[in-house]
Structure formats: C-alpha cells, structure tokens
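Q: Given next are the chains, with one letter for each unit.
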Amino acid sequence: MSLTATGQRILLSDVNLSYGNHPVLRGLSLHVDAGEIYALLGGNGAGKSTTMSALLGFARPDSGTVLVAGHDPAAAPDKAREQIAYVPENVALYEHLTARENAAYLLALAGRQPTGDAIDGAFEATGLQNAAWDKRLGGFSKGMRQKVAIAIALLREVPVLLLDEPSSGLDPRATADFNRLVHDVARKGAAVLMVTHDLLSAADIADRIGFLESGRIVDEASAQGEERFDVRELHRKFAREVVAA
Amino acid sequence: MTLIAHELRLLLRSRMAALALLLVALLSCAAVVAGMAEIDRQRDVIARIQPKQAQDIASIAQWVDKEKDAGSAAYYSFHATWDTPAPLAFAALGLRDVAPYILRVRALGLEAQLYDGEAFNPELALPGRFDFAFVLVYLTPLFVIALFHDLVSGEREAARLRMLDALAGSGRHLWARRVGLRGGLLFLALALPLSIGAILSHVPVGQLLAVLGLVALYLAFWIGVTLLIGRMRWSSVANAATLAGLWLVLTLVLPTIAHVAINRVIPVGQGVEISLAQREAVNRAWDIPREDTMRAFYANHPEWKDSPPLTAAFHYKWYLAFHQVGDESVAKKVADYRNAIESRDAAAHAIGWLLPSVGVQSLLTRLADTDMQAQLAYQDRIRAFHKRLRNFYYGYLFTDKPFGKADFDKAPKFEG
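Line order of the protein sequences matches chains A and B. Add 5 to the 1-based position in the first sequence for the working numbering, that's all there is to it. Add 139 to the 1-based position in the second sequence for the working numbering, that's all there is to it.
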C-alpha cells in the first residue's frame, strides 16, 4: 500500500480484549485515516499499551475487529507488521552500532535495503546532526535515539506509524523537532497513532484526540481547521474523565 | 549487505561475544598444539627406543656368545614393545598419558612385567590432560552458555525485544539466524584448529569428519539446553546461573557419581595383586622339587616334554618353566581382572548415552584409539609377542641348542 493512498489505515471496531479474567479493552472503537495523526490519551491502566499490542499482533482480541491497512494483526501478524513502523517509548537500539549501522540493520530485518544516501537523507530529515551519524549509540540522548528511530520509520515508507509515549522525557526543543517530523510523515500519507498521557503533547500534534478510559473511547475531540485544540477545555474534559475513572 | 553480515557485525561488536569466540579459538589452538607436541614426543621416544634396543642386544650378544647359553640370552635380553599413537591421538590423549606406551619385556613371567605399570580403569568420567577433548567436553559448554544465555533475555532487558518482534520478517528467522551464526562461529573456532592438526597428522578424512560431526552434535546439545532454559523467560542472570549449575552437574557431578557407582558395582582388584600373586608362585618354585614344576609345565606344554631331564646343575629351562607356570597359576585372576575392566569400560560407554560429556569423551578416545580398548589391544599385542619370544627361546633351551651371537637376529621382532 502506498503512502499516498487514502482511506482508513487503522481500524478498531468494538474490540474486547482480556488478560485472563481481567478485561482491558471493552468495546474499543477508533479509526485513523491516511495522513491523520490520532492521539490516544488515557491514564495508567486505561488500555493504551494493550491497544498497541493488539495493533502489533502481540495480543489477540476476544472479539471485535482490528485491521492495519486491511490486515488483521492477530491472523496475519507479519502482513500487518509490514505496514507498521513502531517507535517504542524508550527507543532502545544497539549501543555498539553506529546510527547508520543501526538503521541499515533494522531496515534489513524489515526486508529493506536502503542506500547509504537514503539513510543520510532520512537522518537529515530528522535533524540528526551529521557528526552523530557514524557514532555509536552509547552516548546518544533520548531525543537523538528517537530521531534515529523516526528515520528508520521514514525509510520503511509504511502506511502506519505507531508511537508509544513519544514525547516523554524529551526537552521542549526536542519535542518540537519530533512533532515536526511526525507531521512530515503524516503529510506523506501515513496514519499516525500515538498513545500518550501527556495532554499538551497530544494537543500540539494530533488531528484528533480520543480519551481512553477503562478500555473504551469515552470522548473524542478534533482540531478545527487551522485552529489547534483549546487546551483548557481539553484539560477540563480529560481531568473530569480521569477523576470519573 | 546481507542480514548475516549485519548479524556478524552486531555479534563481533559485542566485546563479550568477540572475546568468547577468540578464547575458544585460542584454547582450541593451544589444545591441538599441546596434543600434537605430546604425541610427537611419544613418537620420538618410540623411535629412539629401537636403536637403543639394538645397542642393548648387541652388548648382551657379545657376552652371551662366550657361553652360547640360550638361558642367559633369554634372561638378560629385554625386548621393546610399543604402542604407536594413532594419527588422531593428539585430539584425545585418553589413557596414553597414564598407561605405558612402551614396555620392555623379557621371556620370563609376563604378568609381573605387565602390571609393574598399573593400568587403571578408564577415567572416562573425569577431566584428563589438556587436549582438544578437554576443551570440547569441559570448556566449550561454558562458552556456549556465555554466547547464548542472553540471546532473547538480553534483548528483552535492553527493551529491544518488542521492537524486534514488531519488525516484519523478524520472529523465528531472526533467532534462527542468530543461533546459527553463533553456533557456526563456535564450530569454526573449534573445527579449524582441529582440522589443521588433523591434516598435519595425516588423519583419514572419514575419521576427521566423524570427529567434526561429534563436535557439531555436542555443540547442538548445549545450544539446545541453553535455548530451552531461555524459553523460561527468566532474566539473563538467572539463565546464566541455571546453565552454569547444569554444566557443573552434567560435566562434573554426574560423571563423577557415575564413575564411583561403576567402581562400586564392578569391583576390580589392582593389577599389582596379579603381579604379586605371580611372583609368589614363582618364588615358591625355588622351595619345591624341580620335577614338580617341570611336570606342571609339560602338562600344559607337551611339545617340550621330550627335552632331556634335568641334572643337578642349574638349567634355565627350569627357571623359565617356573616363570611360565607362575603366569599360568594367575590365569584366572588375569581373566577376571580383564573381564572386570571390560565391564567397567562397557558401563562407562553405556553411561555415555545418558551423559553427553561422558559419551563424547568416550567416542573421541575410541576414534583416537586412546581408550581402554586400545590399551587392552596393546596388551594383547604384547602377550602375542611374548608368546613368540618364549617359544623362540624354548626352541634352544629345551633342545640344548647353543645360542650364538647370530641367533639374536632370529629373535621375533615386535611390530608396532
């Protein structure tokens, strides 16, 4: 599937998922379209990580539909994962490889063989300083690691980008850089789903925000045209829902 | 760049993995070199014994020629026997470092000569000399543990596992590739020095392939154990500690217990007991009428009964006869001892089916011809040679045929 194709890239419909006797997702429904950035906001235990696991095929729903670019991750995890670039909360790459080597290796694992120029281009796009490209990752900050991970995601040219708590631990400058990058990826047609508990970061970047509570979306807000969210209103809403939960 | 090349770079960039592989290669090289040096030394000693033997015989011949007495020739001349090492012996020295590989025998009682140097039951279950078998059986599992214990748990602890699993095309192929690469490199680190040593030692190709197959199987066993423990999803430290414990139990504790159990179940007297019993029988001959000894001798060797009767003077045929009667008096002890040793050997081999460390060592020493079977075969060759030697001297002694200098050349020669 190309990045410019339109339509739903991520679909969760009435998904129920339990770990043993403990239900985590209870009728979760959401969709993310091509070119859209969706932030799934929720407190601890709301089901954010489980939603990610269901999309990556690590957890099998008890009922409901999960589709990633048309593929069911539980039935065909490899097919679904081919469509996903996943950036975990703590980007842990290989410390004894350089940024370039990490990118080449992880892309090779995903079945891609980008040229050196392509890797350089992706690093440039992420704003990773030239001097860091051939340095081992041992001394990289979290922001630099995330840039490498995003560069890898860019090079994979997949229609779905999953971000797990992407801005946690980033300084404001790095957060701004990161948001710009994610926007770039979305502009190219990827559907971006980020899970976070950081309202400001979600409001900064997302086109839509879903409030996840006890395994289901209890409210959803959209950015209106050029205007971003009314953070005060979102906070009031989010705080109310968290208190209610 | 292929995935294997990426994996290789990743592996070799890990200081611990690179060091482990380097150490295996160095230990393997050192073991092969040490084994070859030891075997070269033994070959050299064997080669030197033959000219010395000729010198020794020449000096005795000089003296014997004056009296022309076959008895003196038989009594004073030692004849060398030797156990030439097989080409593969450098890889598994086995019993060659504890049992004699050279024995000089006289035509007198054999048993006392054989058991002057004791050959104990195969110490198959215990660590032996530093050779390739030692590196493979005892040290290699530790390197397998070092390289494999954190294969998956290390990725989990570094928080990379989820990311790796999320990459399409990873999964089983990734782990299979990593296992294959680590296993392959370990195999190469062991196999290359061994193969070079084998080529230099002129080991037949089939035998080398058999040993390499054994190396691969032993590696596969330990890799399998390591992967099995890895499936428990414990931490790397817990994996390493469990595997180290298993190594201790499988390579040291259980083989030692098995060894003790075999020794308890199959008691074997000391060879020196046979030697003493034979000497007692021989010494007793001085105190009994000589005719009694000759009667006992002729009963078992009627081919010499037409020999002229003994006179009052000392005659070597009586001396050699009572030595032979002494040997024959301990024949049952000898057979029992041999049977017990063979039973212990068979039991140790049987345990090898349960304990890979014992099994591999046992197979290696069998292939290298350095095990108890090889020792017993050498003993059989000595017995056969000694029999020929006795018959040779008896031919002179029991017919009172003079024995001159030239007759030494007609004496049987031991074929290594």
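Watch out, some of these pointers could steer you wrong.
To be verified - Computed Cβ-Cβ distance ranges for the label pairs, DEER-style:
| id | chain 1 | residue 1 | chain 2 | residue 2 | range |
| --- | --- | --- | --- | --- | --- |
| 1 | A | 18 | B | 387 | 37 to 43 Å |
| 2 | B | 387 | A | 178 | 52 to 58 Å |
| 3 | A | 49 | B | 392 | 43 to 49 Å |
| 4 | B | 374 | A | 21 | 42 to 48 Å |
| 5 | B | 403 | A | 24 | 38 to 44 Å |
| 6 | B | 144 | A | 178 | 35 to 41 Å |
As the list claims (entries may be wrong) - Residues from chain B that keep clear of chain A, each with C-beta distances beyond 10 Å, as calculated:
| id | residue |
| --- | --- |
| 7 | 179 |
| 8 | 269 |
| 9 | 299 |
| 10 | 305 |
| 11 | 324 |
| 12 | 424 |
| 13 | 428 |
To be verified - With the C-beta cut set under 10 Å, the calculated list includes, among others, these residues of chain B facing chain A:
| id | residue |
| --- | --- |
| 14 | 140 |
| 15 | 146 |
| 16 | 303 |
| 17 | 377 |
| 18 | 381 |
| 19 | 387 |
| 20 | 388 |
| 21 | 389 |
| 22 | 391 |
| 23 | 422 |
| 24 | 423 |
| 25 | 434 |
Since the hints were derived computationally from the structure, they do not count as laboratory data. Ideal Cβ positions, reconstructed from N, Cα and C, are used throughout, including at glycine.
Q: Going through the earlier hints one by one, which of them does the structure break, listed in rising order?
A: 1, 4, 5, 9, 10, 17, 18, 19, 20, 21, 22, 23, 24, 25
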